[in-house]
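Trainee: Sequences listed follow chains A and B, in order.
So that you can map any letter, position 234 of the first sequence is 234 in our numbering, and since no number is skipped, the others follow by simple counting.
When you read off a place in the second sequence, starting at 1, and then add 1000, the result is the number in our numbering.
Because the hints were derived from the structure by calculation, they are not lab data.
Do not rely on the hints blindly, as some may be mistaken.
Said to hold, decoys possible - Once the Cα atoms are required to be at most 16 Å apart in a straight line, the calculated EDC-like pairs of lysine to aspartate or glutamate come out as:
#1 Lys93/A - Glu154/A
#2 Lys1187/B - Glu1167/B
#3 Lys229/A - Asp35/A
#4 Lys92/A - Glu154/A
#5 Lys92/A - Glu1007/B
#6 Lys93/A - Asp1176/B
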Amino acid sequence: MKERLINFICRFYFLLIMIFLYIPIAVMMVLSVNDSRSRVVWGGFTLRWYGQLLSNRQIREALFTTIGLAFLSSAIALVIGTAAAFGMHYMKKSRYALMMGLTNIPMLNADIVTGIALMLWFIRFLPLGFTSVLIAHITFNIPYIILAVLPKIEQMNMSVYEASRDLGATAAYGFFTTILPQLSGGILSGFFMAVTMSMDDFMITYFTKGAGVNTLSTMIYGEIRKGIKPEMYALSTVIFTAVLILLLVVNYAPYAREKVQHRELAQREA
Amino acid sequence: MNRRNRELLASPYFIWSIGFTVIPLIVILRYAFTTAGGTFTLENILAIGNAINRKAFLFSLEIALICTLLCVLLAYPLVMVVRRLHISRRAFMLFFLILPMWMNFILRLLAWQMILSSNGILNFILQAIGLKPLDIANTWAAIIIGVVYDYFPFMMLPIFNAIADIEEDVIEAAKDLGAGPLTVFTKVIFPLSIPGLKSGITIVFVPSMTSFVVADILGGGKLQLIGNIIEQEFTRSSNWNLGSGLSVALMVFVFISMAFTIKDDVVREEPELARVEGSDKPDRRERAA
Chain A
1 MKERLINFIC RFYFLLIMIF LYIPIAVMMV LSVNDSRSRV VWGGFTLRWY GQLLSNRQIR
61 EALFTTIGLA FLSSAIALVI GTAAAFGMHY MKKSRYALMM GLTNIPMLNA DIVTGIALML
121 WFIRFLPLGF TSVLIAHITF NIPYIILAVL PKIEQMNMSV YEASRDLGAT AAYGFFTTIL
181 PQLSGGILSG FFMAVTMSMD DFMITYFTKG AGVNTLSTMI YGEIRKGIKP EMYALSTVIF
241 TAVLILLLVV NYAPYAREKV QHRELAQREA
Chain B
1001 MNRRNRELLA SPYFIWSIGF TVIPLIVILR YAFTTAGGTF TLENILAIGN AINRKAFLFS
1061 LEIALICTLL CVLLAYPLVM VVRRLHISRR AFMLFFLILP MWMNFILRLL AWQMILSSNG
1121 ILNFILQAIG LKPLDIANTW AAIIIGVVYD YFPFMMLPIF NAIADIEEDV IEAAKDLGAG
1181 PLTVFTKVIF PLSIPGLKSG ITIVFVPSMT SFVVADILGG GKLQLIGNII EQEFTRSSNW
1241 NLGSGLSVAL MVFVFISMAF TIKDDVVREE PELARVEGSD KPDRRERAA
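Isolated chain A (complex conformation):
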């Protein structure tokens, strides 16, 4: 009896939190099929915002900028950050502490201060545009990579690599076949975190972008007073659904593969 009551309370609480988290998303999805430019009037069901999505040049450009920025900055941060994590692993304590301090500055500092400081520095030598935003995103993405990869390097088993070298592998071949696979989990989660942060960033982009370049966030912010284009709701719904499907596949693919393997094994035995 008591157990059932506790179970009920747990479910109820979980449900409340889910409602809190998903109500705004539901509102966006409803607006994306609302046949009215107003946010408060229901004008009937339509899919035309989805149809017009790709014919709107402004939205298409902002989408490509956002995605290009997220993947390019995360990829560059991945290379610099993974190399840095290796270097830091071999450092003396004092130097390691210095590097960790440098890594913590952008993590702890308020985004608004990071954005303004970068902007004040960029205007001295670089026209504000895609490049300046890219540098800014790489700067705040590197720490996410380091913090995800460094713990994996600490746990890594170096003797496999040494064994591969003893057996005649070149340094590069040994690295790609023995070390990289051990780090892939950390590298992937760091990369995913970096892409998420870059896609969701508004503040730092806002201060470092200059005129002419827009990501989805800065474009929507600029539209608030004029009224948001309903295509934006459609686009957000598409992105949300795409990520949902992607993550479901990534989460369930390993289980599915395992299941198939189990079944094959069982068949072979039978």
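Given the structure of chain A, go ahead and fit chain B onto it with the hints provided.
Mentor: Just chain B, lined up with the frame of chain A:
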């Protein structure tokens, strides 16, 4: 490759950090400590004490404290609920708790604006079930809802990671020794979750103090966070020196308060860290010595 060469792998990052983290901070400090003409002044920093700026600063502090506290209070029960689930279902549930972050940040806030406005969805539901409509739009309560919504996942995840690592045996042992559920929580689970709680606080507190967009959209433009004031110095009044001064004042406050949050952690965990590192990697202790 010897160790010296391996260390060099960190040099591109070191150069990057100097170029795009350290130098920008020096530049903003220079703006903060000079007038538009270039002479030294403390006025830009001390401007944080002006009536308007102080009010915005204290209001930001209040919002950040309430937001952080609410996030903590909401996160612990949720984390305990998720912990009760079977391990195979945990990842799935966590995934659904994080997914809303992929809806655009500003659209999420606009959705909240529609829900909370005086003829919005919330009041529609309240009236439908016979309750009095609430006047939340453009108040501090709306800003709180916005920041809690945005930063809640960043509080929940580190706490969950800390609690998920606790072995079931430890909790069973406490129960065997006669601890009730409340004692198990206060004496076992909570203390072991503190590292996660601390990183949650450092992630949530700072942005909730400065996110001027939330105040813009949900505060109706009348309520100002320190972030709004700084932003306006750059975009409207074009007083970059004053804006930099306020930013630096904010930064100093952030680093001091974070130093207090993290400090004790470092002191307490250092010996343990050294022990763990010493056991599986003997070379590090030699290097430290």
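Trainee: Take the hints in turn and mark each one as holding or not.
Mentor: Results of checking the hints against the structure:
no.: 1; hint: Lys93/A - Glu154/A; verdict: 14 Å, holds
no.: 2; hint: Lys1187/B - Glu1167/B; verdict: 15 Å, holds
no.: 3; hint: Lys229/A - Asp35/A; verdict: 12 Å, holds
no.: 4; hint: Lys92/A - Glu154/A; verdict: 14 Å, holds
no.: 5; hint: Lys92/A - Glu1007/B; verdict: 9 Å, holds
no.: 6; hint: Lys93/A - Asp1176/B; verdict: 42 Å, violated
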